[in-house]
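Peer 1: Input sequences plus hints: build the corresponding full structure.
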Amino acid sequence: MDCTCILLALLSTLASLSPTMGCFCDHYPWSSWSQCTKTCDSGTQSRLRAVQYDDHWLKNSCSQLCQIHDNRVCNVEACPINCQLTEFGPWSECSSCAKKSFRIRSVLRPSQFEGANCSQSLMEERVCHPFKECRIEPLNCKDKFTCDTGRCIHADLQCNDQNDCGDNSDERDCERNKSVCSNQQMYAFVPGADQIGFGFDAAAEQMRGAVLDNSFMGSNCTVEKLKRNLYRISANTERYELKIETFEDFQQKETKSQKIDLAKEPLYREAVKASQQKDSVFYRVDQVIATSTFKVKSSDLYLSDQFLQFLSSLPLEYNYALYRHIFQLFGTHYFSSGTLGGKYELLFQFDREELKTFGLKESDSEYCLSHDDTLVTFFYNRHSQKNTCGNISMKTKYEGSMVKASKICITSVQGGDPYFAAALAWEKNCVSPASPLITDWIKSTIKNPVVIHFELLPLVNLVRGISCAVTKRRHFQRALEEYQTEFDSCKCAPCPNNAWPALSGTECLCICQTGTYGSNCEKRAPDYTSVEVDGHWSCWSSWSPCDATLKKHRSRTCSNPAPQRGGTPCPGLEKQVEECTISFFQEQNVCINDDSESRLPSGTSGCAKPLPPANSHLRINPMYQTAAANLERSMMGLNVFA
2 MDCTCILLAL
12 LSTLASLSPT
22 MGCFCDHYPW
32 SSWSQCTKTC
42 DSGTQSRLRA
52 VQYDDHWLKN
62 SCSQLCQIHD
72 NRVCNVEACP
82 INCQLTEFGP
92 WSECSSCAKK
102 SFRIRSVLRP
112 SQFEGANCSQ
122 SLMEERVCHP
132 FKECRIEPLN
142 CKDKFTCDTG
152 RCIHADLQCN
162 DQNDCGDNSD
172 ERDCERNKSV
182 CSNQQMYAFV
192 PGADQIGFGF
202 DAAAEQMRGA
212 VLDNSFMGSN
222 CTVEKLKRNL
232 YRISANTERY
242 ELKIETFEDF
252 QQKETKSQKI
262 DLAKEPLYRE
272 AVKASQQKDS
282 VFYRVDQVIA
292 TSTFKVKSSD
302 LYLSDQFLQF
312 LSSLPLEYNY
322 ALYRHIFQLF
332 GTHYFSSGTL
342 GGKYELLFQF
352 DREELKTFGL
362 KESDSEYCLS
372 HDDTLVTFFY
382 NRHSQKNTCG
392 NISMKTKYEG
402 SMVKASKICI
412 TSVQGGDPYF
422 AAALAWEKNC
432 VSPASPLITD
442 WIKSTIKNPV
452 VIHFELLPLV
462 NLVRGISCAV
472 TKRRHFQRAL
482 EEYQTEFDSC
492 KCAPCPNNAW
502 PALSGTECLC
512 ICQTGTYGSN
522 CEKRAPDYTS
532 VEVDGHWSCW
542 SSWSPCDATL
552 KKHRSRTCSN
562 PAPQRGGTPC
572 PGLEKQVEEC
582 TISFFQEQNV
592 CINDDSESRL
602 PSGTSGCAKP
612 LPPANSHLRI
622 NPMYQTAAAN
632 LERSMMGLNV
642 FA
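Per the working numbering, the sequence shown starts with residue 2, numbered consecutively.
Treat the hints with caution; some may be incorrect.
What the hints assert, rightly or not - In silico DSSO-like links for lysine-lysine, alpha-carbon gap of 27 Å or less:
| id | residue 1 | residue 2 |
| --- | --- | --- |
| 1 | K244 | K296 |
| 2 | K279 | K396 |
| 3 | K279 | K357 |
| 4 | K39 | K524 |
Unchecked claim - FRET-style restraints, in silico, Cβ to Cβ:
| id | residue 1 | residue 2 | range |
| --- | --- | --- | --- |
| 5 | P81 | D489 | 19 to 27 Å |
| 6 | E482 | A526 | 40 to 48 Å |
| 7 | A549 | T486 | 21 to 29 Å |
| 8 | M208 | Q565 | 34 to 42 Å |
| 9 | Q259 | A549 | 52 to 60 Å |
| 10 | K552 | K448 | 45 to 53 Å |
| 11 | D489 | E456 | 19 to 27 Å |
| 12 | K552 | G44 | 46 to 54 Å |
| 13 | E482 | S183 | 47 to 55 Å |
Read the hints as simulated data drawn from the structure, not as lab findings. Quick reminder that beta carbons are idealized off the backbone N, C-alpha and C, glycines included.
Peer 2: Structure below.
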């Protein structure tokens, strides 16, 4: 086909085109957007084109080419949720130790999405006059020695030149004293012995008052000998190993930066708020000094006087307010093992989009921050090579320094002398303190360590060896479950863009995913395209009554929200089953001691329940087992009156 034929075909095509192809929709302007159908939580707006059915509209088929109606999403921010509290419960019995009574209320719904906070207190207290002394309830010490305080200690701890009772009553009227340690030498307490004895509030992630008395040495003379000192190990401690005794023992390791996920870290409230201002990435640089490791004995632990007095003064009747007061004072758990020392953390926030413009990948950013001259000078008192990170834009704006490119710096210091710890805080504009301070802090940490890594056990395990221990343990466990429910993030509403909800006091915070930001993580960076929604648990239901199999049940659902569009399902169990006890007298709050099952009730005669022989097991004839089960089922239908 020659050029003439091609030209004729083109002219024929143009001639066949309808003049309707010439419609100009902009001749007919849009109206203003209508008012949003919702003030929050994704409403819609609409607008109409101001159409005039003139010749241009009719001749050019504009009705087919121009969009007449238009809609868009508006007010995508989640609706504010105002905090709501329950009514106050009844006043507790007057605490003989606190000389106060308490009443509490709980958070029915936390504030979220910038809703109104609850500024009112969750607990009220008033002064009262207790009917009994703040002392350890009398307990039959049997073959043990009874201290004036009511505490029971082993008889061989009398007259041993140790204040084992705490009030020195075990050292009175002694004809002859026999020291536990034969060489009569004065031993120092191991560094951090008091820290090991503190309680820990797992809900608030904070240390509380002392629950173990680690000044109690007992009948064994266990000594840790190092270069300069002899340390005597507390009777509560199964193992203690000192790693660093002097500054010369400390071998400083190279600091490395690490990208962190705020949703998986202890709640940095300041960092969470900062992450909502812009699309951010956070890197942490830390220096950890591990001075010693420890392991606490599994049984026969010596409690602190104050904790023991509070336990002993608890009434037989269950009152959550009193147990909540104990959790606030002493925590919910105690340390079973761990590491003592100090921990210095720096958290840097960076603008993610800005790092991209500097040509820095994630691995580049981590390396550059770890080797930044400002950090090297601060930690090691020597200069690094000249900062050469990023492209010419970063070199021009921040002299190639990652520290100077950071938006905020957050400092966390654990352990050491409080003066040096406070002086080590970086300024908001990321100006470092004087370099020698880090050395002074490390030296002070050796003598003033804190628990930096640990494993926990529930505080209820320590409720033993006191009057009515079994009854109070049951109340303690019930109160612990109530306390943990009070501070569970399951009360939070789902956060936008797969953000992680976290309950902080009476407010729910949304911890933004990388690539999202905004006051509630509702905004997206251009490269954030994920539509996945991870599942989160609803709150646990209440426990069912104890059934005939001596089991109780509770459940929860993965519906807050349910996983959607490929999101991960909720981790953990949907149902929980625990053993329980059925007592005809549970409403009467009968005092049950640890040894009650092996003793006869008062006023009865006969044989007490024998102790099981060592290394034994019970063989049950199936015939008798069936008969017993039938009897148990028939008994469950009886009405028993006390």
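Peer 1: Decide, hint by hint, whether the structure agrees.
Peer 2: Results for each hint:
Our distance criterion of 27 Å between C-alpha atoms is met by K244 and K296, whose separation comes to about 14 Å. With a C-alpha separation of about 23 Å, the suggested pair K279 and K396 falls inside the 27 Å cut-off, and the hint holds. With a CA separation close to 14 Å, the supplied pair K279 and K357 stays within the 27 Å bound. For the given pair, K39 sits about 18 Å from K524 by alpha-carbon distance, which is consistent with the 27 Å threshold.
Restraint check, P81 to D489: a C-beta distance of roughly 21 Å satisfies the suggested window 19 to 27 Å. The hint said 40 to 48 Å for the Cβ distance between E482 and A526, and at roughly 41 Å that hint holds. Taking 21 to 29 Å as the suggested C-beta distance range, the pair A549 and T486 conforms, at roughly 27 Å. Distance hint check: the CB atoms of M208 and Q565 are about 39 Å apart, consistent with the given range 34 to 42 Å.
Range check, Q259 to A549: Cβ separation about 53 Å, and the 52 to 60 Å hint holds. For K552 and K448, the Cβ-Cβ distance of about 51 Å falls inside the hinted range of 45 to 53 Å, so the restraint holds. Between D489 and E456, the C-beta spacing of about 22 Å keeps the proposed range 19 to 27 Å intact. At about 49 Å, the CB distance of K552 to G44 agrees with the hint of 46 to 54 Å.
Take E482 and S183: their Cβ atoms lie about 49 Å apart, and the range 47 to 55 Å holds.
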